[in-house]
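K.L.:
Model the full structure from these sequences, guided by the hints.
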Amino acid sequence: MANPLVSICMPAYNAALYIDDAINSVLAQSYQNFELIIVNDGSTDETAAHTTRFKDKRIKTFITENRGQCAAANFAFSKSSGRFIKFMDADDLISPGFIQAQVELISDNDNFIASAKWGRFYHNDIKTFKLNPESVWRDMKPIDWLVESLAEGPNMMQCALWLIPRPVLQNSGLWDESLSLINDFEFFIRVLLCAEKIKFAENAILYYRSGMNDSLSKQKSKKALYSGYHSTRRGCEHLLNYENSERTRRICADLYKVWHFECYPVLREESLTLLQLSEALGGSRRKFECGGFTKLLNFFIGWKWTKRLKHFASR
1 MANPLVSICM
11 PAYNAALYID
21 DAINSVLAQS
31 YQNFELIIVN
41 DGSTDETAAH
51 TTRFKDKRIK
61 TFITENRGQC
71 AAANFAFSKS
81 SGRFIKFMDA
91 DDLISPGFIQ
101 AQVELISDND
111 NFIASAKWGR
121 FYHNDIKTFK
131 LNPESVWRDM
141 KPIDWLVESL
151 AEGPNMMQCA
161 LWLIPRPVLQ
171 NSGLWDESLS
181 LINDFEFFIR
191 VLLCAEKIKF
201 AENAILYYRS
211 GMNDSLSKQK
221 SKKALYSGYH
231 STRRGCEHLL
241 NYENSERTRR
251 ICADLYKVWH
261 FECYPVLREE
271 SLTLLQLSEA
281 LGGSRRKFEC
291 GGFTKLLNFF
301 IGWKWTKRLK
311 HFASR
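Heads up: the sequence shown begins at 1 in UniProt numbering, then just goes up one per residue.
A hint or two may mislead.
[Stated by the list, open to error] Pairwise CB distance ranges, derived in the manner of DEER restraints:
1. Asn171 / Lys130: 34 to 42 Å
2. Glu202 / Ser78: 30 to 38 Å
3. Ala151 / Asn66: 32 to 40 Å
4. Ser78 / Pro133: 33 to 41 Å
5. Arg315 / Thr44: 20 to 28 Å
6. Arg285 / Leu131: 23 to 31 Å
7. Asn132 / Ala48: 32 to 40 Å
8. Asn124 / Gly291: 19 to 27 Å
9. Trp305 / Asp108: 51 to 59 Å
10. Arg53 / Asn124: 13 to 21 Å
11. Phe293 / Asn171: 44 to 52 Å
12. Lys223 / Ser78: 21 to 29 Å
To be clear, the hints were calculated from the coordinates, so they are not data collected in a lab. In this text the structure is predicted, and so the values were computed from the model without any measurement. Where a beta carbon is used, it is the ideal one built from N, C-alpha and C, also for glycine.
P.N.:
Encoded structure:
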């Protein structure tokens, strides 16, 4: 099919400040055969008023009770009919040729996934945008992409980066609705490992909005930490089940160690479990990463007391 339908699934929760820009970036696409499915996940702001002002027939809007980003994404998918699927946050932007570049790469193969470039902009100022080059910006096998990306440190699996054929999603399964924080980590490991190849779209750029204190990735409540713990464990299990090798064990040992630090002291039992999992895979040399005054505290009293003090101060 030369001009396949692309379904863009956009969960939205209290996104009134940014969703107009996200929608306009979709409407500005050079590739016009798309449907944009917006699921208002029980927003308490003016998100509904913003989404309903767009009269384009390709935009479908739904309002649901607040069940979280994953549930909203799954609901959007259930209403989609495209051959290719893109999940997109309601506060991010995509370049005008984004979808066109990705469709051209994978339209002949339903086992390929398309990736893209990305960069950050801060405080709603697009002039601050800067690309964030990565070594994985090339055509790769999914397992190689994951190992190389995760080895570089904090990985970027942001949902709008990917154009996914429907059969791949049907094989991988949808979003885990029990997760919130780093829900994309577990999901995209699972999805990518169901694909045959990742094709890199050189001319597709994601503009990732940063500097928002209320963003999901900055939420570190007990519930959010539980999500991070489970997403890390499940994602690593997917990786090791696919390939249990020295390189994948090293990656997972490092990830477990990072989340061992992250979970302490709120989830002490889970933090210990992650350390044990890391050591069972050969251990990790990862240290507690911090800066500024936290780094000074860490130097004098160690990372555990530092995290205890910071947790106490935040209560």
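K.L.:
A separate judgement is required for each hint: does it hold in the structure or not?
P.N.:
Against the structure, the hints come out as follows:
At about 36 Å, the CB distance of Asn171 to Lys130 agrees with the hint of 34 to 42 Å. Between Glu202 and Ser78 the CB atoms are about 33 Å apart, so this pair conforms to the stated range of 30 to 38 Å. At roughly 37 Å, the beta-carbon separation of Ala151 and Asn66 lies within the given 32 to 40 Å, and the hint holds. Taken as a hint, the range 33 to 41 Å holds for the pair Ser78 and Pro133, whose Cβ atoms sit roughly 36 Å apart.
Between Arg315 and Thr44 the C-beta distance comes to about 25 Å, which sits within the given range of 20 to 28 Å. Between Arg285 and Leu131 the CB atoms are about 30 Å apart, so this pair conforms to the stated range of 23 to 31 Å. The beta-carbon spacing between Asn132 and Ala48, approximately 33 Å, falls within the hinted interval of 32 to 40 Å. For the pair Asn124 and Gly291, the beta carbons lie near 25 Å from each other, so the given range of 19 to 27 Å is met.
One distance hint, 51 to 59 Å for the beta-carbon pair Trp305 and Asp108, holds here, with the actual separation near 58 Å. Checking the proposed 13 to 21 Å range against Arg53 and Asn124 shows it holds: the Cβ atoms sit about 20 Å from each other. For Phe293 and Asn171, the hinted distance range of 44 to 52 Å is satisfied, since their beta carbons lie about 48 Å from each other. Lys223 and Ser78 have their C-beta atoms about 25 Å apart, which keeps the hinted 21 to 29 Å range intact.
Of the numbered hints stated above, none is contradicted by the structure.
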